[in-house]
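Just so you know, the protein sequences line up as chains G and R, in that order.
Using numbering that gives the first Met the number 0, read the first sequence as starting at 0 and increasing by one per residue.
Using numbering that gives the first Met the number 0, read the second sequence as starting at 0 and increasing by one per residue.
Treat the hints as calculated values from the structure; they're not laboratory data.
Just to be clear, a hint being listed does not mean it is correct.
Stated by the list, open to error - Simulated restraints on C-beta separations: (1) Q115(R) / K74(G): 22 to 28 Å; (2) K67(R) / A32(G): 39 to 45 Å; (3) P126(R) / P19(G): 15 to 21 Å; (4) R99(R) / T10(G): 35 to 41 Å; (5) G9(R) / A32(G): 47 to 53 Å; (6) G24(R) / D71(G): 40 to 46 Å; (7) H98(R) / L56(G): 40 to 46 Å; (8) D71(G) / E51(R): 40 to 46 Å; (9) H63(R) / V26(G): 23 to 29 Å; (10) V26(G) / R34(R): 17 to 23 Å; (11) S41(G) / G39(R): 38 to 44 Å.
Even glycine gets a Cβ: it sits at the ideal position worked out from N, Cα and C.
These are the residues of each chain, in order.
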Amino acid sequence: MTLADDLPRATRVRVLFFGPVRVRLGVANCDLACAKEMSTSSFWSQLIECYPELAALRSSVRLARNGEFLGDGAKVGPGDEMALIPPVSGG
Amino acid sequence: MTVDIALEKGPLEPAGPGDISSGSGAVVRFEGRVRAEEKGDIISALDYEAYEPMARQQMEKIAHEIGKVHACLAVRVRHRIGRVPVGEAAILVEVCARHRGEAFAFVTEFMTRIKQDVPIWKEVPKP
Numbered sequence: 000m001t002l003a004d005d006l007p008r009a010t011r012v013r014v015l016f017f018g019p020v021r022v023r024l025g026v027a028n029c030d031l032a033c034a035k036e037m038s039t040s041s042f043w044s045q046l047i048e049c050y051p052e053l054a055a056l057r058s059s060v061r062l063a064r065n066g067e068f069l070g071d072g073a074k075v076g077p078g079d080e081m082a083l084i085p086p087v088s089g090g
Numbered sequence: 000m001t002v003d004i005a006l007e008k009g010p011l012e013p014a015g016p017g018d019i020s021s022g023s024g025a026v027v028r029f030e031g032r033v034r035a036e037e038k039g040d041i042i043s044a045l046d047y048e049a050y051e052p053m054a055r056q057q058m059e060k061i062a063h064e065i066g067k068v069h070a071c072l073a074v075r076v077r078h079r080i081g082r083v084p085v086g087e088a089a090i091l092v093e094v095c096a097r098h099r100g101e102a103f104a105f106v107t108e109f110m111t112r113i114k115q116d117v118p119i120w121k122e123v124p125k126p
């Protein structure tokens, strides 16, 4: 999986960055080429290849897929919208 | 229980009298305001950012979960996004219930959960 521009939805994962993660990376989102379903562990590994700064943040960041926090054993697949959710501070 | 939740970019306005259920013996209104101090520094505002679809969905889900424990009649929540000056409300939670106990309990629990599971972030604006 690599950073990808202008790929059809069915062949990529859109990744959204918020709060301190967005500030740290300096971008709000990216598209990753993704041809088949993968584990969240694989998703993280490949995302960290693209953004090594994420390695230090991973332990404090939760993943959401299509607007829902991911449960144990969840998969990431083509067409998904993934959000990296650092500790929240609303209210 | 009715649940009305929105994210807004301007100052938050409380519900009008017509929005209060006639069966309500208690109406609790909580405003979370921006303080002039953040982590020891004097500030003039905070910037709030949200993953908007998920933030709305999470607040609705949380409200319904809490409503099963603390039965209320109506809940209205407004969370502000964008720049919020000191002294203005970042969040407004209004709860109507038959009695005060469940209304106060609802608000307390809702504010605890929003600070754990709702994707909204605040940041001190850069000078």
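Honestly, which of those hints from before does the structure not fit?
4, 5, 8, 9 and 10
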